[in-house]
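Chemist: This is what each chain is made of:
There are 2 protein chains.
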Amino acid sequence: MSDLFNPDGIAVVGASATPGKIGYEAMQNVIEFDGPVYPVNPSASGSVFDREFVSAVTEIDGDVDLALCCVPAPVVPDVIEECGEADIGGAVIFAGGFGEAGPEGQELQDRLVDAATEGDVALLGPNTSGFLVPEEQLYATFATDIDTIPSGNVAVVAQSGGLAYAIAFQAENEGVGVSAMVGLGNRANVGFEEAIEYFDTDPKTDSIILHVEGTDDGRGLLETCQRVETPVVAYNVGEQDVGDFAESHTGALTGEYELYEAGFAQYGVPTVRSSTELLDAGTALASSPRPDGPNVGVVTAQAGPGIAITDRLKAAGATLPSLTEETQEIVEEILPGITFSANPVDTGRPMPEFGEVVDAVARDENVDIVLVYELYEGGLGYPTDDLEGLVDDVDKPIVFASGGPREIITEELAELEAIGIPTFTAPERAADAVSALVQYAKRNAEPDAVVAGEEVSADD
Amino acid sequence: MSDLFNPDGIAVVGASATPGKIGYEAMQNVIEFDGPVYPVNPSASGSVFDREFVSAVTEIDGDVDLALCCVPAPVVPDVIEECGEADIGGAVIFAGGFGEAGPEGQELQDRLVDAATEGDVALLGPNTSGFLVPEEQLYATFATDIDTIPSGNVAVVAQSGGLAYAIAFQAENEGVGVSAMVGLGNRANVGFEEAIEYFDTDPKTDSIILHVEGTDDGRGLLETCQRVETPVVAYNVGEQDVGDFAESHTGALTGEYELYEAGFAQYGVPTVRSSTELLDAGTALASSPRPDGPNVGVVTAQAGPGIAITDRLKAAGATLPSLTEETQEIVEEILPGITFSANPVDTGRPMPEFGEVVDAVARDENVDIVLVYELYEGGLGYPTDDLEGLVDDVDKPIVFASGGPREIITEELAELEAIGIPTFTAPERAADAVSALVQYAKRNAEPDAVVAGEEVSADD
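As they're listed, the protein sequences go chains A and B. Position 263 of the first sequence, counted from 1, bears residue number 249 in the numbering used here, the numbering being contiguous throughout. Position 289 of the second sequence, counted from 1, bears residue number 275 in the numbering used here, the numbering being contiguous throughout.
Accuracy of the hints is not assured; some may be wrong.
[Stated by the list, open to error] Below, a list of computed lysine to aspartate or glutamate pairs in the DMTMM-like style, where the Cα atoms sit at most 25 Å apart:
| no. | chain 1 | residue 1 | chain 2 | residue 2 |
| --- | --- | --- | --- | --- |
| 1 | A | 300 | B | 242 |
| 2 | A | 7 | B | 339 |
| 3 | A | 7 | B | 342 |
| 4 | B | 7 | A | 372 |
| 5 | B | 7 | A | 371 |
| 6 | A | 7 | B | 319 |
[To be verified] Far from chain B, some chain A residues (derived; all Cβ distances over 10 Å):
| no. | residue |
| --- | --- |
| 7 | 17 |
| 8 | 202 |
| 9 | 214 |
| 10 | 349 |
| 11 | 361 |
| 12 | 363 |
Simulated from the structure, these hints should not be mistaken for laboratory data. Even for Gly, the Cβ is constructed at its ideal location relative to N, Cα and C.
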């Protein structure tokens, strides 16, 4: 697997000097990689992007672990056979026309898998748009403009390459990064299990987010999620019958939505309902301490967003515990005549003491997770100084949501993120991210800490 | 009401020269207005922001329709009495401590309403952060940095001022504008009905979006929504019991969530489940022709996002009709061997013919609303030229979703918006916006076009 996702050198099979062709786009992306790149094409001569064409992967004079196959489907099994001969351990297959395209395609995919098994080649795809690792400037894809996607600590593992990019670009749009982005496609011999296990050992990855349309081996996927140390979140698509459209896609049958939802719950995996929620949940899990329980303390500077957040948290099964008398006394001492000192704590409007109130709630022994909402107020800013060190001190997730002019808050919220506090710019998005933390806590609770009504796997 | 929302001149009662005070922040905001502004304060002398202090509203020598009351609660009834004497027809009351604060507060609020009735003054608040009309640079609020919020054609009418700002800043963050943003607060004598009726007649407003926590007069609100010509969307908060926190807020009892949901359905109002969905639904309704039916044609360049969109649309009750044979033939002629030519139409990846495919689906007589997903591809861009004039031609909403680097797509999606196509950067957000259009179509259908199972008011 490390040949595939962490190669020393790369071959682009079917490389082309013609812009617009997949073999050209893949070359253009992959030359940003800091390692040797070889264009392979038996019918081309000269060079492309200053690299000399080679006639076959077996003719490469150098260290290559990964081949990007930009050739049509019928040729792919032979190329993989040659990869095996050339000791290339990983290959990305962009072409469609395999398992998703009926019996003939399946036959071709079987030949492909045989060649890969024979030659010990890990295959990403076929029918994928590839993968990328921004930290390594490794863009194993034909998609364009992907070098804008920042490096981060969330690994995106999607059944659909298209959805993988939809998520990665949302991350870019929000200034969030990914440690890797992978579109699995047909999963000929690299599926969810292999990818999850690989990214579990990846030092750059602190959470793994999954897009699942359906798989032949649900149990294997679930057991892998439970076995790995890194938190996993899943976006399970297919609640409704979308008919043969899904089947025509990655050759997978949807329609087992409820089974997967129940399985993820049992095996400790929070589930979400959109690509945005998936990214947000992964970001919150990757950048926070793991929560010890489902009890959320809410601090808000404005009642309306606080009520919307509370409503949504409760609908998702979160508990808003009473604060200890000690905390309530501290809060009332900081802000005599405070608008609402129960949980949620409502300070009425932003104020210099706001950070002290958050600090008091975060230190409350009844609280496992803190959610803060405060509209930006010029001249006051965010309580970044007051909150510095707090996350480490209390070892609990603190999530911060706000609204304000983009130009200003982008910069100021980044300072909160730098001290370990994930941030969001819509109240309900923060509530959804915290709901995923709540699910994580409930679904991974020690047996004696299990909340009534929650099912936990016997071998937890 | 036009004294309140469309004044010629403004008095700031309790104006202050001390930064940080509400009377200073309100002055700072309101001097951007293109009209006379008078700071009123009996105990101040000299000037603030180059305007001379006046001792009382009755002493102003000039045309004033609107008073911003930055004084403490106990003084407010007397100020409103003076406003009546001075023929000032609108007032914003920022202070809390009225109906939301128990019996004594209610008594004060009753005195306030009596004074307003006597003097014929329309009151926004008390317990509000005010309103703004970006087009007029009218910022009747003490909140900061609000002059960044762009002008647009969606009116935000929120029970909570905090949530109004949360929505308005989300709009700013996304480059979307608002025609007005209003936080109703305690609704002493200006409530949902008055605000909705006013913005229905406002030429800048093409849709009205509501945040509702609860109101004494649900029926009046619903009948107003049905009576007005402008489309209304509602975000109804309070599915869960959030206890006395909500009551302490705007003096309203939540807990009638299901009743409101059913009422909005019956009276033709789409409902949504978050502030983001509310803004998106309002934007889609404001910038599209009204849909004639709930039948959605989906065109996607990537299967994964297409499946996620279809799944979500179906869950929300949308219908994906079969395309006519004629349309299918056109699509297959444009793209021989197309990946999937039913509905959704999946072109497999972006391509120069993508716009022609969208055009064909939009012209299909079975389709009432079109939803398009296409990841951005450099060198190809979006099919803006192909789609120009299409919305007017077919008189149907066309909604476009995409993913790509922020720097690039912000500009390119704006070109699509300029030709009447609302755009979104997450597949599920586009699906949610289209779901609101579907709800609108179903809930406002002519009786003979009613879809089975939908309830419609007898006087529709």
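Chemist: If a hint holds in the structure, say so; if it does not, say that too.
Modeler: For each hint, the structure was consulted:
no. : hint          : in the structure
1   : 300/A x 242/B : holds, 16 Å
2   : 7/A x 339/B   : holds, 16 Å
3   : 7/A x 342/B   : holds, 21 Å
4   : 7/B x 372/A   : holds, 23 Å
5   : 7/B x 371/A   : holds, 23 Å
6   : 7/A x 319/B   : holds, 22 Å
7   : 17            : holds, 16 Å
8   : 202           : holds, 18 Å
9   : 214           : holds, 24 Å
10  : 349           : holds, 22 Å
11  : 361           : violated, 5 Å
12  : 363           : violated, 5 Å
Hints 11, 12 from the earlier list are contradicted by this structure; the remaining hints agree with it.
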